[in-house]
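Note that the protein sequences, when read in sequence, are chains A and B.
The numbering used here numbers the first residue of the first sequence as 1 and each following residue consecutively.
The numbering used here numbers the first residue of the second sequence as 178 and each following residue consecutively.
Calculated directly from the structure, the hints in this document are not laboratory data.
Please read these numbers as outputs of a predicted model, since none were measured by experiment.
Do not take every clue at face value.
Calculated pairs, SDA-like style, for lysine to any residue (alpha carbon to alpha carbon, straight line, at most 20 angstroms) [stated by the list, open to error]:
hint	chain 1	residue 1	chain 2	residue 2
1	B	LYS200	B	SER229
2	A	LYS155	B	ALA237
3	A	LYS155	B	LYS200
4	A	LYS155	A	TYR126
5	A	LYS31	B	ALA237
6	A	LYS155	B	ASP189
7	A	LYS155	B	ILE259
8	A	LYS31	B	SER238
9	A	LYS31	B	TYR190
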Amino acid sequence: MVTPEIPIEALRRARLGDRAAFRVVVEALLKFTYNLAYRMSHHAADAEDLTQEILMRLFQNLERYDPTQPFLPWFRTVAANCTINWRSRRSNRRGTSLDPARAPGVEDREPDTGLPQAIADLPPEYQVCLTLKYLEDLGVQEIAEAMKVPVGTVKTWLFRAREILKDRLKPPVERIL
Amino acid sequence: MTCDEWRAFLQDYVDGGLSEPAKVMIDRHLSECAPCFDDARAHRGVQNWLSSRPELEPPASLVDRVMESTRRPVGGWRRELIRIAAAAMFVAGLAAGTLAFVPLERIEKPSVGLPKPDVGPLLRIAGW
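The whole structure should be built from the sequences, with the hints applied where relevant.
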């Protein structure tokens, strides 16, 4: 689990436009955001791009954050929306979620279980659900709050996502077991 | 328990979020139903794989990259230039529109013609 510790004072100053304070916030969120991004892209360079995009979106929207509320759930929503948009744009551009030119033989690809590709082929909402659940070990209630959807929807997405993965990856999964 | 009932509890079962009596009931069904047992095993396999992903360390240079990107205008310089050009065109259009609707009478004209200069002496000097 990589749930970050948020420096409250830096966050307060960053909201007022203090760039040095925003840098402290970025440093605190970087690992969490990068891991989220990596699980959405399964490629280091793409994960860096998506991390940058999420944190830039945070910078642009920070003044909308209500400091009387916990920061992390709000940030998860920003990150989830940004990630879904990023994935949709990529899918529209390429027709597939992973760049086919990058898929075989790149040095930073994960071991060949086929799962990264199968996850990358899931609808972006399913992917964000899975990532929040297994990266942060969030419950369905917290995921629903982050994604601004009903709990039942999250349960359905998680169920369908795993159904798709298990059906597509029966041999590798059975090897894991 | 039927297979459909089991599937309604699958999510909580795989997540370990069921009460002990419910879990016992499902375990009993799984021990008697091979398809549901396979289903549960596959779901748990996917879950185990997803949970076991290692945490990755982002490159340290990424902080600088993020900070640099926050210096750029939203949408990039090109969009910013387009925005400025659009604003300039709007202002110019507004000014042109305003002038077009100003009644001609309000544009001050000299009430009398300007006095014609007396160029006679000059012409005489020039030999005309």
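Practice task
Mind checking the alpha carbons of LYS155 (chain A) and ALA237 (chain B) for me, to see if they're no more than 20 angstroms apart?
Solution key: It is violated: about 36 angstroms lies between the C-alpha atoms, which goes past 20 angstroms.
Problem - Restraint status (C-alpha distance of LYS155 (chain A) to TYR126 (chain A) at most 20 angstroms) - result: 10 angstroms, holds
Exercise for the section: Would you check the hint for LYS31 (chain A) and ALA237 (chain B), treating anything up to 20 angstroms between C-alpha atoms as holding? Expected result: The given pair, whose Cα atoms are some 10 angstroms apart, holds under the 20 angstroms limit.
Handout entry: Restraint check for LYS155 (chain A) with ASP189 (chain B), where alpha carbons must lie at most 20 angstroms apart
Key = 9 angstroms, holds
Problem - Pairwise hint evaluation, TYR190 (chain B) against LYS31 (chain A), where the allowed Cα distance is 20 angstroms at most - result: 31 angstroms, violated
Practice task
Would you mind confirming whether the straight-line C-alpha gap from LYS155 (chain A) to LYS200 (chain B) stays at or under 20 angstroms?
Solution key: 18 angstroms, holds
Exercise for the section: Below or equal to 20 angstroms on CA atoms is what counts here, so check LYS155 (chain A) against ILE259 (chain B). Expected result: Judged against 20 angstroms, a Cα distance of about 44 angstroms means the pair is violated.
Practice task
Take a quick look at whether LYS200 (chain B) and SER229 (chain B) sit within 20 angstroms of each other, Cα to Cα.
Solution key: 24 angstroms, violated
Problem - Restraint check for LYS31 (chain A) with SER238 (chain B), where alpha carbons must lie at most 20 angstroms apart - result: 12 angstroms, holds
Against the hints set out earlier in the document, violations occur for numbers 1, 2, 7, 9.
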